[in-house]
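Please model the entire structure based on the sequences and the hints provided.
Here my numbering is used: the first residue of the sequence shown is 56, the next is one more, and so on.
Keep in mind that a hint or two might mislead.
[Claimed, not checked] In silico SDA-like pairs for lysine to any residue, Cα to Cα no more than 20 Å straight-line:
| hint | residue 1 | residue 2 |
| --- | --- | --- |
| 1 | Lys210 | Gly184 |
| 2 | Lys426 | Phe440 |
| 3 | Lys167 | Lys237 |
| 4 | Lys237 | Asp182 |
| 5 | Lys75 | Val372 |
| 6 | Lys58 | Lys237 |
| 7 | Lys290 | Gln276 |
| 8 | Lys430 | Gly410 |
| 9 | Lys446 | Glu128 |
| 10 | Lys352 | Asn380 |
| 11 | Lys210 | Asn186 |
| 12 | Lys353 | Lys377 |
| 13 | Lys398 | Lys426 |
| 14 | Lys210 | Trp266 |
To be clear, the hints were calculated from the coordinates, so they are not data collected in a lab. In this text, all values refer to a predicted model and were calculated from it rather than measured experimentally.
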Amino acid sequence: MSKCLVCHEDSVSKLLDFGKNPVCNDFTESEGQENKKFPLILGFCEKCGLAQLINPFPQEELKPKYSWISYNEPESHLDKVADNISPLPNISKDSKILGISYKDDTLLQRMKKLGYSNIKRLDLQKDLGDNDGYGDIETIQKLMNQKTAEEILKKYGKFDVIFSRHILEHTYDIHGFVSSLKILLNENGYIIFEIPDYTKPFQYKDYSSIWEEHIIYFTPQTFKNSFPFLGLELKKFDAYSYPLENSLVAIVKISKQEKKLPDNNILKEEKDRILSFTQSFATIKDKTNSYLSELSKKGEKIAVFGAGHNACFLVNVFGIAKYLNCFVDDNINKRGMYMPGSKLEIRGLSILSEGDIHLCIFSLNPEIEEKIISKNDNLKGSVDFLSFCPKSQRSIYDQLKVKNET
56 MSKCLVCHED SVSKLLDFGK NPVCNDFTES EGQENKKFPL ILGFCEKCGL AQLINPFPQE
116 ELKPKYSWIS YNEPESHLDK VADNISPLPN ISKDSKILGI SYKDDTLLQR MKKLGYSNIK
176 RLDLQKDLGD NDGYGDIETI QKLMNQKTAE EILKKYGKFD VIFSRHILEH TYDIHGFVSS
236 LKILLNENGY IIFEIPDYTK PFQYKDYSSI WEEHIIYFTP QTFKNSFPFL GLELKKFDAY
296 SYPLENSLVA IVKISKQEKK LPDNNILKEE KDRILSFTQS FATIKDKTNS YLSELSKKGE
356 KIAVFGAGHN ACFLVNVFGI AKYLNCFVDD NINKRGMYMP GSKLEIRGLS ILSEGDIHLC
416 IFSLNPEIEE KIISKNDNLK GSVDFLSFCP KSQRSIYDQL KVKNET
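See below:
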């Protein structure tokens with residue numbers, strides 16, 4: 056067994072080996088360019104219930120080659136998050152606030168509107184030392200260490216509030232990352248962490264949710280349970296609902312709490328959920344292959360809409376590239392490039408109106424699916440649409456169920 060990233064027990068068992076996979080941001084300019092591949096294994100801590108990758112990809116391989124690669128997070132809940140800061144003890148409009156990454160920018164803007172002016176956001180190059188500026192969260196989590204924090208402390212002093220949105224799940228050394236934030240925090244200060252909740256992806260068997268850049272896969276219970284192991288005390292916890300995965304927000308303080316492993320009932324609930332997810336993989340993979348194979352034999356040309364990490368991973372681990380004609384994406388930077396692993400070309404939206412594509416499978420947020428179709432009337436009737444999202448009304452997995460029942 057491997058050592059758990061949070062509780063440090065040698066109790067992480069291997070649940071699902073996805074084989075060797077490329078880095079999902081490693082787009083190539085020609086079909087013949089090779090991608091480096093690394094093993095991707097999902098594990099589960101038998102002691103604390105935390106899902107995590109075992110021996111994840113080398114950190115240096117995750118850094119994007121292109122400056123235009125970035126990722127967005129849900130934000131409609133951030134007004135509520137900002138409103139929750141003011142009532143905290145020892146917080147005033149003069150409090151010093153720090154944002155760790157660009158993912159904190161819109162939350163910092165909200166704090167400014169509420170009257171806070173003593174605000175600082177770390178600069179990737181000047182403060183963290185990423186010289187080429189191409190780094191994203193994978194680079195920030197690596198560079199944010201004790202040495203860097205001490206240098207930042209010399210420049211800016213300590214802070215009363217530190218925001219860290221969507222970084223913890225990327226951390227290779229979560230203890231080291233949290234310790235660096237503690238260096239920058241006043242004695243009575245607060246850290247606000249936000250992470251994605253993997254309850255829904257595991258429950259709905261959304262295999263596209265696995266990503267080599269997400270090292271840790273929290274649920275509400277494992278997130279809350281992690282803080283005593285990190286030398287933190289949970290002061291407030293909120294879960295904000297979204298279609299694909301909820302956003303979990305925790306307000307914590309530095310404190311020595313008793314480290315408690317979850318009781319057997321909680322541990323069983325966590326394990327049952329992820330076992331259902333991992334044990335269903337082979338069956339769903341086979342059914343998806345059979346369904347697409349039949350369509351391909353009928354001469355249907357199939358495209359995937361959304362050349363992001365979700366689709367990249369799913370196409371590779373399901374082994375369905377042989378049934379696909381291309382990827383489609385409205386990001387002009389990606390057009391003409393080739394997807395990692397599958398080596399399928401990324402085309403613009405216009406290919407869907409040229410009559411060559413019969414079926415387009417979305418790999419997007421279901422709410423975006425409707426917007427794309429409604430904005431492109433010429434696509435209606437000419438192309439059939441399905442979705443790799445289990446919660447979409449167009450879910451391809453619903454088609455698999457219908458096929459099995461007939």
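Tested hints:
no. : hint            : verdict
1   : Lys210 / Gly184 : holds (14 Å)
2   : Lys426 / Phe440 : holds (13 Å)
3   : Lys167 / Lys237 : violated (23 Å)
4   : Lys237 / Asp182 : holds (17 Å)
5   : Lys75 / Val372  : holds (9 Å)
6   : Lys58 / Lys237  : violated (24 Å)
7   : Lys290 / Gln276 : holds (15 Å)
8   : Lys430 / Gly410 : holds (18 Å)
9   : Lys446 / Glu128 : holds (18 Å)
10  : Lys352 / Asn380 : holds (13 Å)
11  : Lys210 / Asn186 : holds (19 Å)
12  : Lys353 / Lys377 : holds (14 Å)
13  : Lys398 / Lys426 : violated (28 Å)
14  : Lys210 / Trp266 : violated (35 Å)
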